[in-house]
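Engineer: Chains A and B, in that order, are what the protein sequence lines are. The first sequence stops at residue 753 when you use this note's numbering, and every number in between is there. The second sequence stops at residue 1371 when you use this note's numbering, and every number in between is there.
If you're looking for bench data, these hints aren't it; they were derived computationally from the structure. These numbers were taken from a predicted model, which means no experiment stands behind them. Don't take each hint at face value.
[What the hints assert, rightly or not] Have a look at the derived ranges for each label pair, beta carbon to beta carbon: (1) A:T691 with B:L1209: 16 to 22 Å; (2) A:P713 with B:V1104: 20 to 26 Å; (3) A:L733 with B:L1216: 52 to 58 Å; (4) A:A678 with B:Q1239: 53 to 59 Å; (5) A:A667 with B:L1224: 54 to 60 Å; (6) B:I1258 with A:P713: 28 to 34 Å; (7) A:L718 with B:I1258: 19 to 25 Å.
[To be verified] Over the 10 Å line for every Cβ pair with chain A, so calculated as not near, a few chain B residues: (8) L1106; (9) A1151; (10) V1158; (11) A1184; (12) D1227.
Just so it is clear, CB atoms sit at the ideal spot from N, CA and C, and this is done for glycine as well.
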Amino acid sequence: MSLVRDMITIAAVSAGAFFFLAGTVGLLRFPDTLTRLHALTKADNLGLGLVVLGLLPQAGGLRDGLKLVSIWLLGLLAGATVSQLIARAARHGESTR
Amino acid sequence: MSIATVFEIVLAAVVLGLGIWTIVVRETFSATVGFVAYGLLVALIWVRLDAVDVALTEAAIGGGLGGVLLLGAAARLRDADVMAAETPGKVVRASAAALSVLTTAALAGAVLLLPDPAPTLAPAAVANAWATGLSNSVTNVLMAFRAMDTMLEKVVLLLAIIGVWSLAPDSAWGGRPGPRHQADPDGVLAFLARLLPPVGIVVGIYILWTGADHPGGAFQGGAILASMWLLTIIAGLADTPPVSRRWLRFILVAGPCLFLVVGLVGLLFGAAFLSYPPALAKPLILGIEVAMILTIAATLGLLLAGAPERSAKP
Chain A
657 MSLVRDMITI
667 AAVSAGAFFF
677 LAGTVGLLRF
687 PDTLTRLHAL
697 TKADNLGLGL
707 VVLGLLPQAG
717 GLRDGLKLVS
727 IWLLGLLAGA
737 TVSQLIARAA
747 RHGESTR
Chain B
1058 MSIATVFEIV
1068 LAAVVLGLGI
1078 WTIVVRETFS
1088 ATVGFVAYGL
1098 LVALIWVRLD
1108 AVDVALTEAA
1118 IGGGLGGVLL
1128 LGAAARLRDA
1138 DVMAAETPGK
1148 VVRASAAALS
1158 VLTTAALAGA
1168 VLLLPDPAPT
1178 LAPAAVANAW
1188 ATGLSNSVTN
1198 VLMAFRAMDT
1208 MLEKVVLLLA
1218 IIGVWSLAPD
1228 SAWGGRPGPR
1238 HQADPDGVLA
1248 FLARLLPPVG
1258 IVVGIYILWT
1268 GADHPGGAFQ
1278 GGAILASMWL
1288 LTIIAGLADT
1298 PPVSRRWLRF
1308 ILVAGPCLFL
1318 VVGLVGLLFG
1328 AAFLSYPPAL
1338 AKPLILGIEV
1348 AMILTIAATL
1358 GLLLAGAPER
1368 SAKP
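Isolated chain B, as found in the complex (with noise of 0.2 Å):
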């Protein structure tokens, strides 16, 4: 048995043993704080099967942005103390636990049943990397071959943002989203969110330039700007700004908007929906994920910032 075998038992075993800490335990904060370490963990898992652009995605979504967003759900259920309320029943329990343990039989069922070798289009995905003139081939897959659903995918982004703002007040409503934070404008909190953003805005175009031949994109990179948009907003540099915004509202829709165009433009004068001519595919798809890697950037942000809760004016 090699280390690196030995590396991935352990791994596998510490993820499963803290992914049933984090269900088990009582306090939401620590299943919080265990449920980014999964996601850190999971990360890392990914890049042993070699699936580095999943590996990102995860730990900025998984570890990153959602243990935010699971931080301050964890607050907010602290503060109403809600869950202590109401402890479901016998039966409850029992047909959650028994429809758990079916879902687990059945994916288990399922990956043990497939084929040897599994059925996949990745060599004939690797095969028609020309096409595109990108030689990362996850970001061919998601730009050109399966460009539909990675339009769609942004359209759902765009629905989860109406859904969360749809939580508002009337009174709120074209307002800005979530409380303004105070933070001490010497301490060391506005210090890194003077220092790091510079660093962070780089590293995120850079993330999302690299994409093209290696692991990289405009999800990951988008995820990176949201957080630096969002640590100065906690630090209290900067103010969340107000839903009702014209240019706020055309960020969030240049990325699928740009997309469509583009597919009917395919449509109307090449092969199909979404068909980019061989010639122009590589400047469209960077196009296209400029424009995505600024509505993904302010989609997540928005997400992470909430429903609108004060009036526009300060």
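Next comes chain A alone, as it looks inside the complex (with noise of 0.2 Å):
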């Protein structure tokens, strides 16, 4: 049982690191702030998201669990509403320039 609980959490945490690492490249390699912030909320959703996935089944218990959960939900929450915010910023530059 913890052998198939393992393996959940290396497939699950390898993946949010691939999309931690897809993001960070996005960031650094688009061309301009709209792409760039859909490259983040990549990292922030899935890999956030994969990763907390990955750490449920080695959580101590329901209330840990809940708390991961909520991590991923409040970063969710915080990553949605800045690259909003960024992306109205960076559209209200472009209309005043």
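Join these two chains into a complex; the hints should help.
Structural biologist: This is how it looks when you write it as structure tokens:
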């Protein structure tokens, strides 16, 4: 049973790390603000989500699991809000230029 | 070499590089962003050193509220453009570099010359945890064994807010700190400022409460409460209170005053200044912490809001 849990963890955390890497590469390589935000949200949403998913089988109990999930939800909320604000600021900057 | 060691070496190298970049980079805004990332990575180092209490504080102050303060300063500097006007001369630069190198060498020497094992009071602090009924030894040290330091720290916070307020022009004295923030009431920032504070307030109180037995405490909880307050202010949902308000002044002095009163009662009826009767130690510490979290949240929020600059009447 613990082997299955460990395999889920390794697979999901590795996939999460891949999305973080891809998001970072996109942030560095993409040409403008909006596409960079697009890359960044992949790291935030999918990367963090997969890491949390992978850590869930290792959580000590229901309480720890809920804490992990709420970290992901708060990360989603903050990431989505900040990308909206940055995108609006970028569009505003373009229109006044 | 274990994978944890590799991770620690990489972490230390990144922090060092980021620190140098933050100093070298030209724009104040980039330096601020570098400093925030630096604060978060230093928090990770504290986690690796098993100092989770310090990590929470570093993330909240170094990465969070300190970052907001520096962002505000960077924005003001960009408006005023005073940085480009005066560049220090060669002598000043050389002596600053020499002073920095000397300080670094002295610090490095002090660390390298530490006796092995380094002198520590940690085992004594852990062994005497029974005296307070709290099992988080950091909270024990802060609130009981070295309570005097913590009390004086709160007085320093009070002095800091007096220092910020003293920058107010006479015409605005007693008025509201900072500008009135305007944001789209149906916008995404206002949405976040409505959604997040209920969650943040619960988390802040939880961090205070869990500080008795786990990492956490009044300072970390207070920083979270302060950031929730600032979020509603920045989103334009709330305004900063006029600094002349009596309830505000009361909250600002509540923490240090309760601390002082408990300390004096200990001096009169107990063994020494700030000595708690063992049976009452835990409720007394919790009471002081509840007063302190309000004081800390209000002080940190007002420190970031700045000096009074608008009259009290809207």
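Engineer: Decide, hint by hint, whether the structure agrees.
Structural biologist: Okay, the hints, checked on the actual structure:
1. For the hinted restraint 16 to 22 Å between A:T691 and B:L1209, the CB-CB distance of approximately 52 Å leaves it violated.
2. As the Cβ distance of A:P713 to B:V1104 is approximately 22 Å, the hint placing it in 20 to 26 Å holds.
3. Checked against the given bound of 52 to 58 Å, the beta carbons of A:L733 and B:L1216, roughly 36 Å apart, lie outside it.
4. The hint said 53 to 59 Å for the Cβ distance between A:A678 and B:Q1239, and at roughly 38 Å that hint is violated.
5. A hinted range of 54 to 60 Å for the beta carbons of A:A667 and B:L1224 is consistent with their spacing of about 56 Å.
6. Against the hinted window of 28 to 34 Å, the Cβ-Cβ separation of B:I1258 and A:P713 comes to about 31 Å, which satisfies the hint.
7. A hinted range of 19 to 25 Å for the beta carbons of A:L718 and B:I1258 is consistent with their spacing of about 23 Å.
8. At roughly 22 Å from the closest C-beta of chain A, the C-beta of B:L1106 stays outside 10 Å, upholding its exclusion from the interface.
9. At roughly 36 Å from the closest C-beta of chain A, the C-beta of B:A1151 stays outside 10 Å, upholding its exclusion from the interface.
10. Once the 10 Å rule is applied to beta carbons, B:V1158 is consistent with being away from chain A; the minimum gap is 34 Å.
11. For B:A1184, the requirement that its beta carbon stay farther than 10 Å from each beta carbon of chain A is met, with the minimum near 27 Å.
12. For B:D1227, the requirement that its beta carbon stay farther than 10 Å from each beta carbon of chain A is met, with the minimum near 36 Å.
In this structure, the earlier hints numbered 1, 3, 4 are contradicted, and the remaining ones agree with it.
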